[in-house]
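Put together the whole structure using the sequences plus the hints.
Chains as they are written, first to last, in my numbering: chain A, 1256 to 1499; chain B, 1256 to 1499.
Don't read these hints as lab results, they were simulated from the structure. Each hint should be verified, as a subset may be incorrect.
Copies of one chain are not kept apart here, so a pair can be met inside one copy or by any two copies together.
Straight-line alpha carbon distances no greater than 20 Å define the calculated SDA-like cross-link-like pairs of lysine to any residue that follow [to be verified]:
hint : residue 1 : residue 2
1    : Lys1325   : Leu1372
2    : Lys1325   : Pro1456
3    : Lys1325   : Leu1387
4    : Lys1325   : Asp1400
5    : Lys1325   : Pro1315
6    : Lys1325   : Ala1300
7    : Lys1325   : Ser1464
8    : Lys1325   : Ala1453
9    : Lys1325   : Ala1301
10   : Lys1325   : Val1311
11   : Lys1325   : Thr1454
12   : Lys1325   : Pro1452
13   : Lys1325   : Leu1299
14   : Lys1325   : Asn1306
15   : Lys1325   : Ala1308
16   : Lys1325   : Glu1292
There are 2 protein chains.
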Amino acid sequence: MAELPPVVARMWDREPTTRRGPRPRLDLATITMAAIEIADTEGLAAVSMSNVAAQVGVAPMALYRYVGSKDELLTVMADSAVPPPPERENLSWRAYLATWTRLTRDLLLSRPWLLDLRQSTPPMGPRRLLWLDRALDALSGTGLDDSQKFNAATVLAGYALTDATLTHSLGAGGKELAARAKGAAEYGEILTEVLDPATYPALSAMMRSGLLRDSTGWTEDADFRFGLDLLLDGIEALIARPAR
Amino acid sequence: MAELPPVVARMWDREPTTRRGPRPRLDLATITMAAIEIADTEGLAAVSMSNVAAQVGVAPMALYRYVGSKDELLTVMADSAVPPPPERENLSWRAYLATWTRLTRDLLLSRPWLLDLRQSTPPMGPRRLLWLDRALDALSGTGLDDSQKFNAATVLAGYALTDATLTHSLGAGGKELAARAKGAAEYGEILTEVLDPATYPALSAMMRSGLLRDSTGWTEDADFRFGLDLLLDGIEALIARPAR
DNA sequence: AGCCTACTCTGTACGACATACACGATTACT
DNA sequence: AGTAATCGTGTATGTCGTACAGAGTAGGCT
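Shown next as structure tokens:
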């Protein structure tokens, strides 16, 4: 039986109940919440061990009693920032996965620093795994095999991430919307000027006909639904198809 | 007319031809190639201004004559590491986009540090834009409108990234395959042990039936094709659908 | 030709950061 | 009561990005 790495153990609340020395003044959850609050308000760059320690009123080195490294802290943050998944209610698999994907995207947009966090994550924590479980569960009556279900969930989550990344980088950032929209328009302008129609035929034609000119053409919800329906149609077709 | 930021200008070879002082001993391409070589061999973490400077035989601060910051260097790297897109030949849009997406994924797997660079990037460079152009071009005869074409390309690129991320994190890394496969199996073991069937019904059932037990069930090419066909089917259905 | 000036690269310095190490204080178990 | 494990702190180290000032170089102008 494999041994749990200490942080993983703490993520899953598997601490031994009785310990030796002085009572800990903190716990992993407190530290993580403080770090998340800093990331929410000042951005991921402001999440330093010193800042987090100051936020919880402790010396920087004290944090290393709870996390093995800053990287570990970031990993825990990436899981703790995730809310519970939506309830299934009576929704069809398709309706449920649609809101599942949408909420995933909305989460990433409401905490953009999640986008910057390295997503090479086998070590998914309890919360992310709960989302995964719900997606798999929604597909349980469809006749897909395990691998297909898993891949479908992965694709949907990946799409949420792709869309959130694009949407975030182009605006829809609340108050910054105006600034970012202007940035996108400016960049489009520069590109239009710099793109050589000979080597970029399709793209330069598209730019000249005004793709980025009005930035609302991109960031709207219709674009998200577009790709989402694409994927759900694909899954539906797969379900309808006789088992291979 | 908007002014080009200096690095963007250099990325697009828009340097003024005559300059004042001593001839530069370097150019942006040399620096970028050195940085990419370091990233390829020692990983992204080893790409420091000092290391890059040493690699090209120059004092660290000299690099700042060519890039405004390390972030800019990373941005340029993210574009320069991209090879030219495949030729269209006589391929159907579907066949072309299939290899387009596959090659995108293969690129990300061959230079995994690109995965860590997932910056929120409007500033795409000439090479990435060339790929985008080819994808749009492949869809030019299909009757889709600009926004649909753009979204389709985005979704496919996003899928390549999702799949590469997952595949990389679970193995298929050449020599490390054994080590990583063992890692995945171990993690699966731990999860199986820790997952409470009551709160994770679908997932724990799936794990217990051996999803991660043999890691080849994931990383195989069939899984990539699965999602890819899902997307291409969706696009094909959209093309067949009468314009809304 | 000679000066001016923009531009090149260098050396030094500073502040931020992650983290190793050793210490004194605190508490449970023998 | 004593032992040993654990906690938080203070200090120190090495690395990093980059600001700044200076010395050398070479084109443009008079």
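Query - Intra- versus inter-subunit Cα pairing at 20 Å for Lys1325 with Ala1453 - result: For Lys1325 and Ala1453, neither the intra-copy (48 Å) nor the inter-copy (32 Å) Cα distance is at most 20 Å.
Query raised in the report: From the Cα coordinates, with 20 Å as the cut-off, is the pair Lys1325 and Pro1456 best called within, between, both, or neither?
Result: neither (46 Å within a copy, 32 Å between copies)
**Report entry** Intra- versus inter-copy proximity for Asp1400 and Lys1325 (alpha-carbon distance at most 20 Å)
**Finding:** neither (38 Å within a copy, 46 Å between copies)
**Report entry** Alpha-carbon proximity context of Lys1325 and Leu1372, limit 20 Å
**Finding:** both (12 Å within a copy, 18 Å between copies)
Query raised in the report: For the identical chains here, do Lys1325 and Asn1306 meet the 20 Å Cα criterion within one copy, between copies, both, or neither?
Result: within (12 Å within a copy, 23 Å between copies)
Report task. Give the relationship of Lys1325 and Leu1387 under a CA distance limit of 20 Å: within one copy only, between copies only, both, or neither. Result -> Neither, since 26 Å and 36 Å both go past 20 Å.
Report task. Indicate which option fits the pair Lys1325, Pro1315 if close means a Cα-Cα distance not exceeding 20 Å: within, between, both or neither. Result -> within (11 Å within a copy, 27 Å between copies)
Query raised in the report: Is it within, between, both, or neither for Lys1325 and Thr1454, if the alpha carbons may be no more than 20 Å apart?
Result: Neither. Shortest intra-copy (45 Å) and inter-copy (29 Å) distances fail the 20 Å Cα cut-off.
Requested in this report: Have a look at Lys1325 and Ser1464 and pick one of within, between, both or neither, based on CA distance no larger than 20 Å.
Outcome: neither (47 Å within a copy, 35 Å between copies)
Query - Copy assignment of Lys1325 with Val1311, given that the CA separation must stay at most 20 Å - result: Only inside one copy: Lys1325 and Val1311 sit 16 Å apart there, 32 Å across copies, limit 20 Å.
Query - Intra- versus inter-subunit Cα pairing at 20 Å for Lys1325 with Pro1452 - result: Answer is neither: 47 Å inside a copy and 31 Å across each miss the 20 Å cutoff.
Query raised in the report: Is it within a copy, between copies, both, or neither that the alpha carbon of Lys1325 lies no farther than 20 Å from that of Ala1300?
Result: both (12 Å within a copy, 15 Å between copies)
In summary, the structure is inconsistent with hints 2, 3, 4, 7, 8, 11 and 12 from the numbered list given earlier, while agreeing with the others.
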